[in-house]
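Now for the letters of each chain:
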Amino acid sequence: MKAVILLSIGLDPVSGRPAPVPGEVRAIGLARALGVTQMIGLHAGPASPALADYGGYGLTRIICLKGGEADPVQALATAVKTHSLFADGEPDLVLAASRGRGGSDTGLLPYQLAQALGWPIATDVGALIEQTAAGQFALAQFRARGAVRPVSITLPCVVTVPETARSVPAFVFARQRTMRVDEVAVTVHSVATEETAGALRPYRRRPKLISGASKGNGGGQLMVNPDPHEAARAIVAHLRVLGVLPDPDQASLPDHSKD
Amino acid sequence: MGGRAGLLASGLVWTIAAALAASAVPMVQRWRKGKSSPKDMIRGLATVPQRYMVDVHHAVERRKGAAPMHALVAGGTLAGSVVLAAGVIPALRESRLYWGGVGVFFATAIGGTYLVWKRRNPKKPSWLSGGKFLWLPNALLAWNLGGTLVALVHVAMPGKTGVALVPLAMMAAGGAGLVVQVARGPMRHAFSGVTWLAAHSRPERFGGGRSTDLRPLDLTAPTLGALVPSDFAWNILASFDACIECGRCEQHCPAFAAGQRLNPKALIQGLALSARGEDASAYTGSPAPHAPPTAGKGSMTSPIIGADAVIHPDTLWACTTCRSCVEQCPMMIEHVDAIVDLRRGQTLMLGEVRPGAADALRRLRDTGESGGRPLSARADGLAGENIPVLTEENQTDVLLWLGDGAYELRYARTLRALVKLLRLADVKFAILGEAELDCGDLARRLGDEATFQGLATEVIGTLNNRRFQRIVTADPHALNVLKNEYPALGGRWEVVHHTTFLDELVSAGRLKLDARDLPSVAYHDPCYLGRYNGEFDAPRRLLAAACKTTVEMERHGKQSMCCGGGGGNPVSDVDAELRIPDIRMGQAAEVGAAIVAVGCPGCTAMLEGVPEPRPEVKDIAELVLEAVVPA
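As you go down the protein sequences, you meet chains D and Z in turn. Counting the first sequence from 1 gives a position; our numbering is that position plus 11. Counting the second sequence from 1 gives a position; our numbering is that position plus 1127.
Hints listed in this document are in silico derivations from the structure and should not be mistaken for laboratory results. Don't take every hint at face value.
Stretch-level coverage of chain D by chain Z, calculated; a stretch enters the list once three of its residues show a Cβ under 8 Å from a Cβ in chain Z [stated by the list, open to error]:
#1 26-35
#2 182-195
To give a feel for the contact side, a few chain Z residues facing chain D, derived at Cβ under 7 Å [to be verified]:
#3 LEU1475
#4 MET1476
#5 GLY1478
#6 ASP1493
#7 THR1494
#8 GLY1495
#9 PRO1501
#10 ALA1577
Since we're looking at a predicted model, the values are computed, not measured. Glycine is no exception: its CB is placed at the ideal position from the N, C-alpha and C atoms.
Using the sequences provided together with the hints, build the complete structure.
In C-alpha cells form, the structure reads like this:
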C-alpha cells in the first residue's frame, strides 16, 4: 500500500520556531498503522530546511513542488494523479493534518483535494480500528470532547488526522539523516475557475438551545416509577418550555409523544 | 643442594607465567574488535605504577580492610613468584637465604589469602559476587602454601629436596587454578585492569584531576552511540573486563538504593558478559532490583539492550548520571560514559526512549524549551525586579543564566533572592530574556546528541553575539554544560555558580553577613556542582558565614548522594520502590538538620517534594539574603 503525506511548513504556536505539524507527524504514524509500505511526503512549494524533522518521524523521501504554491490543490492533485511519485502507479491514500500550524496551510485544502481527485474524504481519523477487507478499513473518528465514532473507508481516499491521534511515531535521528528532499519544478495553469466561494454573510451567534434552562421554572418535576408514555410526555413538555422543541402548532415533524 | 625440585619450582613459575600470557591473547583479540582509539601504550604503562599506587589505592583504602588484604595477597604472591622464578639461576638455588626469602613472601601471601577467604565467610556480603570468587582462596592457598613448603624444604632439609615434590604438586594445582581464574574468572582484572589504567579514556582524572564532560559525537558516523559491544572503543571494552565486582558502585548508587532497576555493577558485568559472549546468568552478584530477567546470550555483534538481550532497557533509563559509581570505582571505570553511549544508541539509532522523555525531547526540538513553555515566560517570576535584558547593543558585567528551573515559582523565589543580593553588592547584571533557550543538558543526558548539538549551536551563537564579563547561574546542570561541554563546540566563557560568585562578593567585602542563629543547617551537594565541577568549599564558606550551626550529612562532598533529579530520570517513567529524595531527606534528618541548604533547582524541586515532616529546604542564596547586613 502506498501513501502520500501532505506537508505544510508549520510554525510552533508557542515559540514561533519552524516545527513539524503535529497532525502531519501523527499522519505518518497512522499510515504505518494502516499497513502502508511506501510513503512519500508532498509539499506544494519550494523545499525548506524546516521539513528535515519529518525524516526522523519516518518519511524517507519528500517531494517539493516548486511553483505549486500558486495553486496548491491543482499542483497536489496533478502530482498524485499523474506525477510518477511511485514507480508502480498511484497512491492508495492521501493523509493530511486536520489542522495546520500557521504555515502554508488551509483547512479547506484536504476537502478541495479530495474533490479534485474525486476521492472520498474521512476527517479527524485518530486511530485504526480494524481492516475489514482488502482496501477497506474501520477507523476511529475523533470528535469534540473525546467522543469517538467509527467510520469506514474504501481506498483510495483522503484522510485527515487530528493532533489528538495516538499514533505518534518515534523520532529517530538516524532516519532523519537518510531522508531525501527532492525539489520538482511544476507549472500550474491556474484556470480562473468560477469557483463558488460560498455566500458571505455576517457572523451570527447560534442560539444556545439549552440556555432556557436558566430562565426560571426551576429544575422540573420529580416522577417516581412513572408510566413510560407519561414520562415521555413530561420530557417533551419540558423541552417545549425550554424552547428546545418547537411549539406543537409550528412543528413540522409529527409529534410521536401522543402515539 | 638446590637440586631438581628447586629447578622444577622455578620452571613451574615460568610455565604458569607463560600460560597466563597465553590466556590474555583471546581477551586482547576480543578488545581489538572494538572501535579503534589510539593510545600510547608505552607511556601509558609507564604511568601505571603511579596510577595504581595513588589513585587506585586511594579508592581501595576507603573500604576498611581492603587495602591490607590486597597488599598482602597480591604483594606476597607476586613477590614470592617473581623471586622463585629467578631460581633458574643455579647459584641462587644453592642459597638458603634465597629460599628463606621465597618462604617469607609466600607465607605473607597466605595471610592475605586468609583475608580473601574471610571476606566471603561465613557469609557473603550482598555487594560482593559469588561464583568463581568462592574458590579463588583455594587456588591462592594451594599456590602460596605450596611455595612456602617448597622453600621450607630447601631451608630445613637441603639434602633431601626430593620431598619438595609433594608441595610442588600442590603448587601446580594452585597455579592451574589461578590460570583459570585469570583466563575465565574474576582475576582477569589483573591484566585488563592494568591495560585500562594505561589506556584510560579520561587520563585527566589521575592525580586528583577531574574530567566529567560528555564528549561530542560525530553525527555523521554510521553508528551513533553503542548498540553492540563492538561499538565501544577497545579500551572501554578492557574497562568492562577490569571490573572486579567489589560492589562499591552498588553501595553508593542512589537508584539501586531506591529499588530502581539499576545496579551499576550488574550493568558493567552485563556489558562484559555481552562482549565475552556469555549468558547473563554467569553474573553472581546482586541483580538490578526488580529488573525483569533477560535470557539473552551476548556476542560482540548482538544487541546489548533489550528484553531478550543481556541488559534490560529499564536499567538504562534509571541512571541519574550522578557519577557516584564513577567516584567510588577503584578501577576508575566510567559507568556514566557507558550509559550515555548506550542511551545514544537507543535514542539516535532506534528512537527507543521512554514516552515522557520522547515528549520532552520533541518539545525541545520544536520550541527550544523542554516544557514547551513560551521563552518569554521564563522570567515571569522575576517580573517585579525589572532586570535589564542583554541585547546585541548593550553590555553588562554579569550575565545571569536562568535555566529551566526559572519557570517554577519556587525557584523564582531563589532567583529573586539572588537578584536582591546582586543589587545590594552593586553588581551590574542582565538576563537574556527571550533569547535564552534550553542549554540542552536534558537532551544530552538522554542520549539525544543531535538535539543537544542543535540547541548548543543556537545558544553559542546567541552568547557570542553578546558582550559580558562572565556568566553566573544558579543551575549546576546549566553550569556544567556551559562551562565544560560547550568549549568543544566553540563556546568559551567564564561561567560560575551563584554560590561561588556570592562567596567572592562576601570575601571581597561587597556583602556583609551576620551569621544567624538558626536551627542546624545541612548542605546537600548537588552532583553537578560537587562531583562534576569540584565546587565543595564556596557553598560551605557562605553557609558558615550565614548560619551559626551547620552539620554535615554522612554522605557529603565527593560522596554526596543524588537528589534523584538528574540524567533525565524524572521524565523517564522510572519504576522504583522508594523515592531517592525521600532517602536523602532521611539522611538529613538523621544528623538532626532542620534546614537543608541547596544550590540547584533540581534538588530544590526534588527535596521539597518529600512529604512533611521533613527539614525545610532553602537555597543558599535565600539563607545569605536573610543574613545580609545592610550597608
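Results for each hint:
1. 26-35: holds (count 4)
2. 182-195: holds (count 7)
3. LEU1475: holds, 4 Å
4. MET1476: It holds, given that the least Cβ distance between MET1476(Z) and chain D is near 5 Å, below 7 Å.
5. GLY1478: Check passed: Cβ of GLY1478(Z) comes within 3 Å of chain D, closer than 7 Å.
6. ASP1493: Holds, because the Cβ-Cβ distance from ASP1493(Z) to chain D comes to roughly 4 Å (cut-off 7 Å).
7. THR1494: At 4 Å from the nearest chain D Cβ, THR1494(Z) passes the 7 Å test, so the hint holds.
8. GLY1495: holds, 6 Å
9. PRO1501: holds, 5 Å
10. ALA1577: ALA1577(Z) check passes; min Cβ-Cβ to chain D is 4 Å, inside 7 Å.
In summary, this structure violates none of the numbered hints.
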